[in-house]
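A.B. asks: Listed below, chain by chain, are the residues.
2 protein chains.
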Amino acid sequence: MRNRFDNELQTLDETMREMGELCESSISLCIEALMDGNPKKAQEVVAKAVTISRKEREVENMCLKLLMEQQPVATDLRVISAALKMVSDLERIGDQSNDIAEIVITENLSAANDILNLRRMADVVNDMVTSSIEAFVNRDAQLARHVIARDDEVDEAFNDAKQKLIEVFGGKNNVNMEYALNLLMIAKYFERIGDHTVNIAQWVLFAITGVREGNTN
Amino acid sequence: MRNRFDNELQTLDETMREMGELCESSISLCIEALMDGNPKKAQEVVAKAVTISRKEREVENMCLKLLMEQQPVATDLRVISAALKMVSDLERIGDQSNDIAEIVITENLSAANDILNLRRMADVVNDMVTSSIEAFVNRDAQLARHVIARDDEVDEAFNDAKQKLIEVFGGKNNVNMEYALNLLMIAKYFERIGDHTVNIAQWVLFAITGVREGNTN
Numbered sequence: 394m395r396n397r398f399d400n401e402l403q404t405l406d407e408t409m410r411e412m413g414e415l416c417e418s419s420i421s422l423c424i425e426a427l428m429d430g431n432p433k434k435a436q437e438v439v440a441k442a443v444t445i446s447r448k449e450r451e452v453e454n455m456c457l458k459l460l461m462e463q464q465p466v467a468t469d470l471r472v473i474s475a476a477l478k479m480v481s482d483l484e485r486i487g488d489q490s491n492d493i494a495e496i497v498i499t500e501n502l503s504a505a506n507d508i509l510n511l512r513r514m515a516d517v518v519n520d521m522v523t524s525s526i527e528a529f530v531n532r533d534a535q536l537a538r539h540v541i542a543r544d545d546e547v548d549e550a551f552n553d554a555k556q557k558l559i560e561v562f563g564g565k566n567n568v569n570m571e572y573a574l575n576l577l578m579i580a581k582y583f584e585r586i587g588d589h590t591v592n593i594a595q596w597v598l599f600a601i602t603g604v605r606e607g608n609t610n
Numbered sequence: 394m395r396n397r398f399d400n401e402l403q404t405l406d407e408t409m410r411e412m413g414e415l416c417e418s419s420i421s422l423c424i425e426a427l428m429d430g431n432p433k434k435a436q437e438v439v440a441k442a443v444t445i446s447r448k449e450r451e452v453e454n455m456c457l458k459l460l461m462e463q464q465p466v467a468t469d470l471r472v473i474s475a476a477l478k479m480v481s482d483l484e485r486i487g488d489q490s491n492d493i494a495e496i497v498i499t500e501n502l503s504a505a506n507d508i509l510n511l512r513r514m515a516d517v518v519n520d521m522v523t524s525s526i527e528a529f530v531n532r533d534a535q536l537a538r539h540v541i542a543r544d545d546e547v548d549e550a551f552n553d554a555k556q557k558l559i560e561v562f563g564g565k566n567n568v569n570m571e572y573a574l575n576l577l578m579i580a581k582y583f584e585r586i587g588d589h590t591v592n593i594a595q596w597v598l599f600a601i602t603g604v605r606e607g608n609t610n
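So the protein lines, in turn, are chains A and R.
Counting in my numbering, the first sequence runs from 394 upward without gaps.
Counting in my numbering, the second sequence runs from 394 upward without gaps.
No lab work stands behind these hints, which were simulated from the structure alone.
Among these hints, one or two may not hold up.
Because identical chains cannot be distinguished in the list, a pair is counted as satisfied if it fits within a single copy or across any two copies.
[As the list claims (entries may be wrong)] Dumping the calculated DSSO-like pairs for lysine-lysine here, alpha-carbon to alpha-carbon at most 27 angstroms:
hint: 1; residue 1: Lys441; residue 2: Lys458
hint: 2; residue 1: Lys448; residue 2: Lys433
hint: 3; residue 1: Lys557; residue 2: Lys441
hint: 4; residue 1: Lys434; residue 2: Lys565
hint: 5; residue 1: Lys448; residue 2: Lys434
hint: 6; residue 1: Lys565; residue 2: Lys581
hint: 7; residue 1: Lys565; residue 2: Lys448
hint: 8; residue 1: Lys458; residue 2: Lys565
hint: 9; residue 1: Lys434; residue 2: Lys458
hint: 10; residue 1: Lys565; residue 2: Lys433
hint: 11; residue 1: Lys458; residue 2: Lys581
hint: 12; residue 1: Lys441; residue 2: Lys565
hint: 13; residue 1: Lys458; residue 2: Lys557
hint: 14; residue 1: Lys433; residue 2: Lys458
hint: 15; residue 1: Lys557; residue 2: Lys581
hint: 16; residue 1: Lys557; residue 2: Lys448
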């Protein structure tokens, strides 16, 4: 019985890791699509978001089944409850990537000169996604805390991006407002991805320590 | 034993309802603060967001304790799992309201003429919050489905707001970019609140029917 249960917990870890990888490649594709003005790459993100949503349901069903049939206690219960919560944040990362991709597809943007430093922002949040999932799979509290600490960097990058837009476009004549608003939304979506990795990391800490720390995003 | 368990489930319902009411009054205060350019009302929203976060932890602890000590099955397990998920969406509604309030406080905005129809948007999402919590407390699937159906209205209102900004500011001279970007962010926060009520309604349906339907936001 315990053996089957352990196998199911391992499948849970593997599926979470798969979802994490899908999120990472979505974020990478988003920034490439944006920098190259390539709607084809953006289309791939849209497809991945569908897969991520499907996997969310798989994990939810897995967790609910484990809760119902195995009546787990202590650490196992914490790990399963944490997975049930984390999976929503992973799905929303897919969703935010999808929102970025849709802007690239419909708005024919080309931000190749990257005045807002969006590539850097994408790299940071991508690292945070990778680390938050690693922290879960390896039950690594230190790595989870590292993810939480990095969120300030992302918030600052969003504020910098907003200021930069005001600096570049504010008080100017004949402003391409649509372009400016779309860039702001993209920066915001990256910032939200950072927030979701913090939520994941906080649930990882709960799974390990049994204590819910800090604020939620 | 069952009696104590029933009492605890009732406390759970009551706390969810309290959180819902805090969210509703936060949204109302946000739109009043914005329309009157009143940072004092916005400060109240900031204080409420702290209370909402604290209540989120209370509900989480309640749910985890019920899962651990009572090993619930069937409908009870579904209700508790749903509450554990929904509470994050409620907390994020508090968070989005807080984000709006912070813009009102720091940016000295006055959108009194309401060119973006934000008051209407606030009214709709406020109704959706109320209904989603009512649907949970009364286990009302029809009301939950009604909330989900209304989200298109909110998405459309956001797109209209964005188009309106482009229309009003695009191609103009000496644009107040900061003002435009802040209004867009506020519209986006209201739209996200709508998304969170849809997530809540979907979990209500799961609690009632045992089936997870539709996509997540």
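A.B. asks: Please flag the earlier hints that this structure goes against, numbers listed from lowest up.
C.D. replies: 3, 4, 7, 8, 9, 10, 11, 12, 13, 14, 16
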